[in-house]
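Given the coordinates of chain A, assemble chain B onto it according to the supplied hints.
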Amino acid sequence: MSDRLSGNEAVAYALKQINPDVMGAFPITPSTEIPEYFAQAVADGEVNTEYVTVESEHSSMSVCIAAQAAGARAVCATSSAGLALMYELLYVAASCRLPITLACVNRALTGPININNDHSDSMGARDSGWIQIYAENNQEAYDNFLMAMPIGETPSVRLPVMTCMDGFITSHAVENIELLDTDVVRRFIGEYNPENYLLKKENPLAVGPYDVSPYYMEHKVLEAEAMKAAKARILEVAAEFERISGRRYGLFEEYRMEDAELALVLIGSTAGTAKAAVDKLREEGVKAGLVKIRVFRPFPGEEVARALAGTKAVAVMDKSEGFSANGGPLFAETRSALYDLKNRPYLIDIVYGLGGRDVKTEDIEKVFGRLANIAATGEIGPVYTHMGQRSKEENA
Amino acid sequence: MATNNMVEIRWHGRGGQGAKSACLLLADVAGIAGKFVQGFPEYGPERMGAPITAYNRISEKRCTIHSNIYYPDYVIVVDESLLDSVDVIGGLKEGGAIIINTTLSPQEMRPRLRGWAGKVCTIDARRISEEILGKNLPNTPMLAAVVKVSSVLDAERFLVDIEESFKHKFADKPEVIEGNMITLRKSMAEVQVG
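Residue numbers (the numbering used here), protein chains in the order written: chain A, 377 to 772; chain B, 24 to 217.
Here chain A stands alone, though its shape is the one from the complex:
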């Protein structure tokens, strides 16, 4: 069915189709509309979800953990400082191997306080043990949310999944969207039948006890193995999803990479803007291409290295600072992934779009201009820079 929905409306619609057992609900801009619209579906009796309104995000994630541990399917949505307030619980959810689904609507993490988009919130949670899948637009926000449960709940994975979309740019923009029939969605998602859960009469389970040193490390290794196993499962689920939707997804999307010499690596809505820039440059004879990272956790390092192996110069674009003094988080992953290549491309990092700073096709063309220069001269210049940064004089 064709419709026009914003990213938030699309995820709320997916929730209605899924009919999860429990939602831990607490609002925060720009994700507020997700629990808001879904609350209407609950009030109208369209779903039988236990909708638990709480006093903070710490509690909404706690509700999800308790519900999922009890054998239910639990969901929530949040942004920015809300995700930060869940921080402790994110690790609890992942280490208890509870496949909760969280819609993260990316917003700059305070401070200075700002409501607009960047990826500093979810990037801060990148080491928490959650699978992270990012959307370029409303369609992908919907599709990724539908794929989250079949990925997270599978026994070889059993990890929580965070589906991310860009705040406002995607969450509040109305665009065309193709929706699946609800019965098709429900068949695709299936029933959640965990092997073990808190309230299983025959085999009651303790969840979250103290873990002593002789076992702790083994448990963390199991968690790490699950994250590795997630890669194959994500591709399996994508293949199943393609059969019901006709839409194809991978760990990342390669756009005009066949013979690309100059390439970008980035995440989220800017990929769409970059595609328009790539098209324009291709018409001018520039061999430009784009790798749009969809799955950041687990990071598809070997696959990204293969995709970039034939390029001459690559710009990684980070929508979060990271304060490593050595480039953003996507740069760190990408540069590490390329280390084993025999012939590595020149590599730079550009931090961009912080706190909602807009990115135009012209901005992307400038990045390709810089890459062309690097490829021609072998002179990289500064490895790590900030896009469109004004000088002190300009700010005065």
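Note that these hints are calculated values from the structure, not bench results. Warning: the hint list may mix true and false statements.
Pairs of lysine to any residue residues, derived as SDA-like cross-links and limited to a Cα-Cα distance of at most 20 Å, are as follows [to be verified]: (1) K190/B <-> K736/A; (2) K192/B <-> A419/A; (3) K84/B <-> A419/A; (4) K736/A <-> T126/B; (5) K196/B <-> K736/A; (6) K736/A <-> D195/B; (7) K84/B <-> D379/A; (8) K58/B <-> S378/A; (9) K656/A <-> V30/B; (10) K688/A <-> G661/A; (11) K84/B <-> L555/A; (12) K656/A <-> A73/B.
A few chain B residues that don't get close to chain A, going by computed Cβ distances all over 12 Å [to be verified]: (13) V30; (14) R37; (15) G38; (16) A212.
Here the structure is a predicted model, which is why all the values come from computation and not from measurement. By construction, the Cβ of each residue, glycine as well, lies at the ideal position given by its N, Cα and C atoms.
Just chain B now, with coordinates in the frame of chain A:
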């Protein structure tokens, strides 16, 4: 950077006037007509009365660009007082048009548009909405005006599609639909092009 067959629209209003709602409604109705659409607001520290901007892209192919619109084909000014504080004609394409909510005529408005030589359209959205809807709700008249002036959608088809959209949107208060439909028709008839 739009392709030739894409229409880009920039809305200027004040928080509370419904510019964002009209923008999203236009996207929805253009989508019903089979177009590819984007409708999105630009958010800042929003409050009632603060200047806000919203954008539409309407095209035959899906537009993947997710930046704001810097070179619009049409600019809609929902609040005349913004002309003094916001560069509303910034980037407006030659051959495009500006549509202003005002009691004045296009000829009277032109001197306030700092060198804009293109089409100027005016509509008294406040009076029309107050007469028909009983309240100053300028966004519906402005929506009708942009459809009329831009021809981005067939006017008759637009009226049929928006009524469908209203039936969905106002499912719990169907009494407002008729007034909105009359407002749209009257606004299409009244908008002045100069």
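*asked:* Tell me the numbers of any earlier hints that the structure contravenes, in ascending order.
replied: 1, 3, 4, 5, 6 and 12
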